[in-house]
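Given the coordinates of chain A, work out where chain B should sit on it, guided by the hints.
Chains as they are written, first to last, in numbering that gives the first Met the number 0: chain A, 0 to 257; chain B, 0 to 65.
Check the hints yourself; a few may be wrong.
[Stated by the list, open to error] Okay, the calculated bits of chain A under chain B, using three or more residues with CB under 8 Å as the criterion:
{"hint": "1", "stretch": "10–20"}
{"hint": "2", "stretch": "36–49"}
{"hint": "3", "stretch": "67–78"}
{"hint": "4", "stretch": "87–99"}
{"hint": "5", "stretch": "226–236"}
[To be verified] Straight-line alpha carbon distances no greater than 30 Å define the calculated DSS-like cross-link-like pairs of lysine-lysine that follow:
{"hint": "6", "chain 1": "B", "residue 1": "Lys41", "chain 2": "A", "residue 2": "Lys25"}
{"hint": "7", "chain 1": "B", "residue 1": "Lys25", "chain 2": "A", "residue 2": "Lys30"}
{"hint": "8", "chain 1": "B", "residue 1": "Lys41", "chain 2": "A", "residue 2": "Lys21"}
{"hint": "9", "chain 1": "A", "residue 1": "Lys115", "chain 2": "B", "residue 2": "Lys1"}
{"hint": "10", "chain 1": "B", "residue 1": "Lys25", "chain 2": "B", "residue 2": "Lys7"}
{"hint": "11", "chain 1": "B", "residue 1": "Lys25", "chain 2": "A", "residue 2": "Lys25"}
{"hint": "12", "chain 1": "A", "residue 1": "Lys21", "chain 2": "B", "residue 2": "Lys7"}
{"hint": "13", "chain 1": "B", "residue 1": "Lys1", "chain 2": "A", "residue 2": "Lys21"}
{"hint": "14", "chain 1": "B", "residue 1": "Lys1", "chain 2": "B", "residue 2": "Lys25"}
These are calculated hints, taken from the structure and not from any lab test. Each residue gets a CB set at the ideal place from its N, CA and C atoms; glycine is no exception.
Read off the chains here:
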Amino acid sequence: MDDKLIVGGREFGSRFFLGTGKFGDKEAMRKAIVSSGSQLVTVALRRIDLDETDENILSFIPDGTTIMVNTSGARNAAEAVRIAHIAREAGYGDWIKIEVISDSRYLLPDNQETIKATRILSGEGFVVLPYMHPDLYVAKALVDAGAAAVMPLGSLIGSNQGLKMRTLIEVLIEEIVEVPIVVDAGIGRPSQAAEAMEMGADAVLANTAVADAEDPPLMAAAFARGVEAGRMAYLAKMGKERKEAAASSPLTGFLYDE
Amino acid sequence: MKITVNGKAVETTEGMDLHRLVHSGKADPGRVILVLNDGVVKSDRWSLTVLSEGDRVELVSFVGGG
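Bound conformation, chain A alone (with noise of 0.2 Å):
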């Protein structure tokens, strides 16, 4: 089947973007991008302590995936266009996911500085997957502003509780159709997964659930999985849902009819 995703000018095969944060060590995490197809992968950018021996994350991603570095930390768009400039210079950072937070307890995403960063850095010429809270205006915003692609959380980040957004996303599925809507965060199971591709998703991104399980690349294969049968159903278009019956054996010709 001949289903690319598009984003920023470059195809994907898979449709299931996956988070590199939370593994319990590097080699699981490796296995589980190999496991899941995914071909794009995000990570963040950290401080680091010259007395720690941590092994270099980078050396653990298979060549040929494409890196989104996120702007995790930012608490406005001036740290975020920052992280973004610190990434590219390094030489990792054409591709930046936007995340801007400054609430810690429900790491719910500023809109309206996530649409100040994405103006800023697509202007630059970055590749900009905005993290956002689903909003039709702010989407429309985004779109404006440049974004590649638009990322509505489907709940709340690592809190596994699926699509709580559902009819807000389904607005943005209906109406931004410039751009890929990709349901980042929050997504718990597979099958949360495949019911955000069933509804018209272009792609879905998870971390937590992943990371979290007890073996990281079976259910990182798992998900996967979710994402390609939720995206054939769409394709093959669903069914209505309906109040009463329908037989699906023919009514007519019984055996015992007098």
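For chain B alone, coordinates are given in the frame of chain A:
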């Protein structure tokens, strides 16, 4: 000589260059991205770059993130 490293005031010797600073700990230098004042300094420039009083150094690295 006083400089700031990752937001903390640090006393360092005169003539300290970025290469020696990065290699002063156990961390894999290959992981380190070094921001001096406002710009990234690539590793091939580290030994040529001598720190001055009041310099602000950020040592950062890519880590797992969603």
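Kindly indicate which numbered hints from before are broken by the structure, ordering the numbers from low to high. 5, 9, 13
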